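Here are the chains, one letter per residue:
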Amino acid sequence: MNDDDRELRELFARLKGQDRGRVPSFRAPAAKVRPRWRPGARVAIAAAIVLITLVLAQPDRTPPSMANQNVYSGAATWESPTDFLLVTPGSELLRAVPAVGSPGDWTLIDKQRRSPASESTRSHRSSS
Amino acid sequence: MDETLPAHIPKTPPAPGERTLDIARANVEAELERHHADCFAWAMACCGRDRAEAEDVLQTSYLKVLDGRAVFASRSSLKTWLFGVIRRTAAEHRRWRALRRFRPVSLADRANPASDPAAAAGQSESAERLVGALATLTARQQQLLHLVFYQDLTIAEAAGVLGISIGTARTHYERGKQRLREMLTLEDHR
Chain R
1 MNDDDRELRE LFARLKGQDR GRVPSFRAPA AKVRPRWRPG ARVAIAAAIV LITLVLAQPD
61 RTPPSMANQN VYSGAATWES PTDFLLVTPG SELLRAVPAV GSPGDWTLID KQRRSPASES
121 TRSHRSSS
Chain H
129 MDETLPAHIP KTPPAPGERT LDIARANVEA ELERHHADCF AWAMACCGRD RAEAEDVLQT
189 SYLKVLDGRA VFASRSSLKT WLFGVIRRTA AEHRRWRALR RFRPVSLADR ANPASDPAAA
249 AGQSESAERL VGALATLTAR QQQLLHLVFY QDLTIAEAAG VLGISIGTAR THYERGKQRL
309 REMLTLEDHR
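If you're matching them up, the sequences are chains R and H in order. Mind the numbering: the first sequence is residues 1 to 128 in this note's numbering, read in order. Mind the numbering: the second sequence is residues 129 to 318 in this note's numbering, read in order.
Incorrect hints may have been included.
Unchecked claim - The following label-pair restraints were derived from C-beta to C-beta distances:
hint	chain 1	residue 1	chain 2	residue 2	range
1	R	Val23	H	Ala152	46 to 52 Å
2	R	Ala44	H	Asn155	33 to 39 Å
3	R	Val55	H	Arg228	36 to 42 Å
4	H	Gln187	R	Val55	40 to 46 Å
5	H	Ala267	R	Gln58	51 to 57 Å
6	H	Asp184	R	Ala44	34 to 40 Å
7	H	Phe200	R	Val50	35 to 41 Å
8	R	Pro59	H	Asp195	41 to 47 Å
9	R	Ala41	H	Ala201	24 to 30 Å
10	R	Val23	H	Arg223	23 to 29 Å
11	R	Gln18	H	Arg223	54 to 60 Å
12	R	Leu54	H	Arg228	40 to 46 Å
13	H	Ala267	R	Leu54	34 to 40 Å
14	R	Gln58	H	Asp184	24 to 30 Å
Claimed, not checked - Quick list of in silico lysine-lysine cross-link-like pairs, BS3-like style, CA-CA up to 30 Å:
hint	chain 1	residue 1	chain 2	residue 2
15	H	Lys192	H	Lys305
16	R	Lys16	H	Lys305
17	H	Lys207	H	Lys192
18	H	Lys192	R	Lys16
19	R	Lys16	H	Lys207
Bear in mind the hints are in silico, worked out from the structure with no lab data behind them. Owing to the predicted nature of the structure, the values given are computational and were not obtained by experimental measurement. We put the CB at the ideal spot given by N, CA and C, even for glycine.
Full structure from sequences and hints, please.
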């Protein structure tokens, strides 16, 4: 130990001497009484936990017909009292897809047939 | 038959297990009382010399020892083991206090026991100088110097208390000592 250490030791010793006079009296805290577990109690608790887990993890085995009965259909059938405001003339066109017609109704276009307008035009050209 | 017994005598004798527990508790209490002054000084060092907090930490540590949450495994001396329990409890208190900072503070919480004038008045000039110089060191250095110089532990024992390697403890010890000397010299020149 060198002189510097000795000086530090003296300072600490003085601090220690002063601290001794201010140490609070020893007061043992009242220890909490820890519950003593019986050996069977732990097994019972473990079994209960396993049982609850099994019950909660069990898949839903309700028959589909019964399950459907429980479905609340109120939200699906509800209609707004102001729905009529959305009905405007011609609004059915917005909801329907325009049909061209079925293939049975289609007619072949005769390529040989000329329209009267085009024939008159040709005759007019030949005469000139 | 029982009615003839005085009131202070228990009617049924304690079970053998209970009597053993009582004896064990009495022994532990006696050991705690024997090291009480050192433990309090160490708690003060771990709590930045906050007396009220040190008392709380010490009571919590004693409770841990007495109700069996902290178990002495005879790997070190009882004193160094106790110091380890106190250090960990002080760290828990510190963390808990940091959490409480985010909570609305009551007037009672605002009181700062560290600035207790009665405690400050009782300190001599040299002790005050040392405490002031120690406050400039890191917590680890403060604790290490306290264990070595105040509690007269070896560096290896101090390392065990702090849960660090001897090499790390030696580094903190040397740096702390050097810084402490510098601070004390500075104080002398003022």
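Against the structure, the hints:
Separated by about 25 Å at the C-beta atoms, valine 23 (chain R) and alanine 152 (chain H) break the suggested range of 46 to 52 Å. Range check, alanine 44 (chain R) to asparagine 155 (chain H): about 35 Å between beta-carbon atoms, so the 33 to 39 Å window is met. Distance hint check for valine 55 (chain R) and arginine 228 (chain H): the Cβ-Cβ separation is about 41 Å, which falls inside the suggested range of 36 to 42 Å. Between glutamine 187 (chain H) and valine 55 (chain R) the CB atoms are about 45 Å apart, so this pair conforms to the stated range of 40 to 46 Å.
In this structure the supplied range 51 to 57 Å holds for alanine 267 (chain H) paired with glutamine 58 (chain R), their Cβ-Cβ distance being about 54 Å. The supplied range of 34 to 40 Å is met by aspartate 184 (chain H) and alanine 44 (chain R), whose beta-carbon atoms lie about 38 Å from each other. Under the hint 35 to 41 Å, the C-beta atoms of phenylalanine 200 (chain H) and valine 50 (chain R), about 36 Å apart, fit the expected range. The hinted window of 41 to 47 Å between proline 59 (chain R) and aspartate 195 (chain H) holds, with their beta carbons roughly 45 Å apart.
For the hinted restraint 24 to 30 Å between alanine 41 (chain R) and alanine 201 (chain H), the CB-CB distance of approximately 28 Å keeps it satisfied. Evaluation of the 23 to 29 Å hint for valine 23 (chain R) and arginine 223 (chain H) yields a pass: the beta carbon distance comes to about 26 Å. Between glutamine 18 (chain R) and arginine 223 (chain H) the beta carbons are some 30 Å apart, a value that contradicts the proposed interval 54 to 60 Å. Range check, leucine 54 (chain R) to arginine 228 (chain H): Cβ separation about 42 Å, and the 40 to 46 Å hint holds.
Separated by about 51 Å at the C-beta atoms, alanine 267 (chain H) and leucine 54 (chain R) break the suggested range of 34 to 40 Å. For glutamine 58 (chain R) paired with aspartate 184 (chain H), a C-beta distance near 49 Å fails the hint of 24 to 30 Å. Between lysine 192 (chain H) and lysine 305 (chain H), the direct Cα distance comes to roughly 33 Å. Violation of the 30 Å bound is thereby established for this hinted pair. Between lysine 16 (chain R) and lysine 305 (chain H), the direct Cα distance comes to roughly 18 Å. Compliance with the 30 Å bound is thereby established for this hinted pair.
A C-alpha spacing of about 15 Å is found between lysine 207 (chain H) and lysine 192 (chain H), which places the hinted pair at or below 30 Å, so the restraint holds. This hinted pair checks out: lysine 192 (chain H) and lysine 16 (chain R) have alpha carbons roughly 26 Å apart, not beyond 30 Å. A threshold of 30 Å between alpha carbons decides the hint, and for lysine 16 (chain R) with lysine 207 (chain H) the separation of about 17 Å falls inside it, so the pair holds.
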